[in-house]
Amino acid sequence: MQMTSDIQGDLLVVTPQEERLDAAGALAFKEQMHSHINAHADRIVLDLGHVLFLDSSGLGALVAVMKALGGTRKLELASCQPAVLKVLKLTRMDSVFTIHATDPTPPGMAAAGQAAFLAASGSK
Amino acid sequence: MKPERNDDGAEIHHGRFASTDAAVQQELSRISALSAAGDLAEDRRDDMLIVLGEVLNNIVEHAFEGSDAGWIDCRISRCANRLCIMTRDEGRPLPPSLLTKGSLPDFGDSVDDLPEGGFGWFIIHSLVDDMLYERTGGQNLMSFTLALEREGG
Numbered sequence: 001m002q003m004t005s006d007i008q009g010d011l012l013v014v015t016p017q018e019e020r021l022d023a024a025g026a027l028a029f030k031e032q033m034h035s036h037i038n039a040h041a042d043r044i045v046l047d048l049g050h051v052l053f054l055d056s057s058g059l060g061a062l063v064a065v066m067k068a069l070g071g072t073r074k075l076e077l078a079s080c081q082p083a084v085l086k087v088l089k090l091t092r093m094d095s096v097f098t099i100h101a102t103d104p105t106p107p108g109m110a111a112a113g114q115a116a117f118l119a120a121s122g123s124k
Numbered sequence: 125m126k127p128e129r130n131d132d133g134a135e136i137h138h139g140r141f142a143s144t145d146a147a148v149q150q151e152l153s154r155i156s157a158l159s160a161a162g163d164l165a166e167d168r169r170d171d172m173l174i175v176l177g178e179v180l181n182n183i184v185e186h187a188f189e190g191s192d193a194g195w196i197d198c199r200i201s202r203c204a205n206r207l208c209i210m211t212r213d214e215g216r217p218l219p220p221s222l223l224t225k226g227s228l229p230d231f232g233d234s235v236d237d238l239p240e241g242g243f244g245w246f247i248i249h250s251l252v253d254d255m256l257y258e259r260t261g262g263q264n265l266m267s268f269t270l271a272l273e274r275e276g277g
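So the protein sequences, as listed, match chains R and V. Quick note: the first sequence uses the numbering used here, first residue 1, plus one each step. Quick note: the second sequence uses the numbering used here, first residue 125, plus one each step.
Pulled out of the complex, with its shape left as it was, chain R reads as follows (with noise of 0.2 angstroms):
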């Protein structure tokens, strides 16, 4: 699964650049996000700009992630495609994830960062 990062102040900012996160993806994906998490102690956004369909194993692959992040920190999800909010506000797991409305960057961030966060989340 290709993956992209980029951390903004503290936060680490995922980008999967793949259209689906699923079945046949969702081993591939949480053992990338672990290593993440090991390897960053402070918030983690994943940017889903450019998966336009989660299946029932991709969101099995994101409470795993969620649980990885051991009770302490939630896993933030940004830039949700509408068939992938779908399924979250469906199985009601839209309550369990934060999800952002919009770029979760914070205010007083560099310039170039907030460019680089809106092209990773902004393509279609």
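Just so you know, the hints here were simulated from the structure itself, not pulled from any lab data. Take the hints with a grain of salt, since some may be wrong.
[Unchecked claim] Cβ-to-Cβ under 8 angstroms is the rule here; a few derived chain R residues that face chain V: (1) Met3; (2) Phe53; (3) Gly71; (4) Pro82; (5) Ala83; (6) Leu90; (7) Thr91.
Here a beta-carbon is modelled for each residue, glycine too, at the ideal position from N, C-alpha and C.
Chain R is already provided as a structure; the job is to place chain V on it using the hints.
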């Protein structure tokens, strides 16, 4: 109303692919691209792709688990004001529990209790209008339909 298993409707797509996660992913991407070019309402197209993903995953997981990959056949057609989808495979019979109305798994009391699975059939039953499973001639046949326009918008 049960979905009819016939070929009277206008076929939108017919594919046969290996019963593996990777082949299913590829097929779903193909159907997604194909249906994006059509005139289906976007939210119904999403619903169809979400349901189809769950159905195909279940076939791979339950009908072919621990055995050699076989094939899955998938037909999507438009009949009257509905999308009619039929899958066929030669895997093992699917567990009958899959057909009962799915409910959401228990969320438990803490993050550690959160379910990592058991969402699939709930998602399917939430989005389809009907679902028929038949086991015949050593094959699993699943048919389901979705209205082209959701009632009440």
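Against the structure, the hints:
For Met3(R), the interface hint is violated, since its Cβ never comes within 8 angstroms of a Cβ in chain V; the closest pair sits about 16 angstroms apart. This hint holds: Phe53(R) has a C-beta 6 angstroms from the nearest C-beta of chain V, less than the 8 angstroms allowed. The restraint placing Gly71(R) at the interface with chain V holds, with a minimum CB-CB distance near 5 angstroms, inside the 8 angstroms limit. A hinted interface residue such as Pro82(R) counts as satisfied when its beta carbon comes closer than 8 angstroms to some beta carbon of chain V; here the least separation is about 6 angstroms, so the hint holds.
At about 4 angstroms, the closest approach between the beta carbon of Ala83(R) and any beta carbon in chain V falls short of 8 angstroms, and the interface hint on this residue holds. Satisfaction of the interface hint for Leu90(R) is found here, the shortest Cβ-Cβ separation to chain V being roughly 6 angstroms, below the 8 angstroms cut-off. Annotation: Thr91(R) was flagged as interfacial toward chain V, and the flag holds, the nearest CB pair being 5 angstroms apart, inside 8 angstroms.
The structure shown violates just one earlier hint, number 1.
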